[in-house]
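Read top to bottom, the protein sequences are chains A and B.
Going by my numbering, 120 is the number at position 120 of the first sequence; the sequence numbering is gapless.
Going by my numbering, 271 is the number at position 100 of the second sequence; the sequence numbering is gapless.
One or more of the hints may lead you astray.
Stated by the list, open to error - A few chain B residues that face chain A, going by a derived Cβ cut-off under 10 Å, partial list only: (1) Thr236; (2) Arg237; (3) Arg259; (4) Asp267; (5) Asn285.
Keep in mind that the hints were calculated from the coordinates and are not lab data.
We put the beta carbon where it would ideally sit given N, CA and C, even for glycine.
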Amino acid sequence: MTWCWLSHADVEPGDATGTVSTRAPDGTRAGVLAWWPKEAQRPEGALRVDHRVLLGGSDHTWVSLVVVPGGRGVAFDDGAVTGALRRRLAQPWPGTCSTLLVDWATFGGAITAGADERSVADDPFARLAPRTLFRVPAGSLGAMRAPTGPGVTRYGSGNPWPWDRYAGQVS
Amino acid sequence: MDLTAGSTLPDLELADHTGAMRTLGALVGGDPTLVHFHRGWWCPKEQTFLRLLVELQDEAEVAYTRFVSISVDAPEVSAAFRAGLGARWTFLSDPDRRYLDVLGLRETTDTMFNPYRPASFVLRPGRVVHRHWNGYWFWGRPTAEELRQAFREVTREIRDDWEVPSA
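Modelling step: build the complete structure from the supplied sequences, incorporating the hints.
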């Protein structure tokens, strides 16, 4: 597993590795999701995301995107973030979820995707920062199984939760 | 089947509480893991034991340690039971009783529901049994402290940086 840089922009960045158009729930155009490999210099406003979100092939067309405004963030180990992670594990798993990181130690938001509006409606991370609800075409995002639980800490600093292996670890 | 220390649990493939198929090996990953077979949501002994695990999960959540509970309850029943408990780990469902006899864990005194005989295992990565407890009699089950000690033993074994530096 690895991570990528992810951004939700109004216009498509020319240098992105991949993009997917997004629409508001009422069907109007609402920008693009764009991503770059982790080796790229951090694109402006981009955040670290678990790459499995971007693998495609799922029917998860509803997306809840929470981003701390202004490029800021809160410490990943802040109790508020831990509380949101606990609620994410306790609630029904939506289908796809990754925290978004500003840097190795800073929570910048979360992306959650599911097959219907109900699966993303109650987003625990939306208690931490503003969220945007939008839709993407089927097949755009990947599916992720729920973490085994109950872990809420990360496997190696800088990796988004719910990544669940140390680098090079054999299971 | 030998389920004693040093043996390997089969790579069970069952639906989790969301209905998604999971394998035990993938759920265990590279961490110490408690695998807990139980009779089902209706058993007061299971309710009591699972509440103990709910208390322990606050430690496990920061200790790179995993829990998996397995019963014959259907996924939607397990999901409701899990939510009611406040559990944040994976519940697996075996409503077809696929593994009762494979594992030798059929509850012989309940011929109506044919549930799992309660049993707890702390596994090392690779699904290798490190400690085991027969929970048919409630006092045969592990206490929270026994689980902590078992998790400590496995963690010491698998983490290269466990010991303090020596001269």
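Does Arg259 of chain B hold up as a contact with chain A if the rule is Cβ-Cβ below 10 Å? 4 Å, holds
Evaluation of the interface hint that places Thr236 of chain B against chain A, nearest CB under 10 Å: The hint holds - Thr236 of chain B has a Cβ within 10 Å of chain A, the shortest such distance being about 7 Å.
Hint check: 10 Å Cβ-Cβ cutoff, Arg237 of chain B to chain A: 4 Å, holds
When the least beta-carbon distance from Asn285 of chain B to chain A is tested against 10 Å, hint result: It is violated, given that the least Cβ distance between Asn285 of chain B and chain A is near 27 Å, above 10 Å.
Given Asp267 of chain B as an interface hint, is the shortest Cβ-Cβ distance to chain A below 10 Å? Result: violated, 21 Å to nearest chain A Cβ.
Checked against the numbered hints given earlier, the structure breaks hints 4 and 5 and satisfies all the rest.
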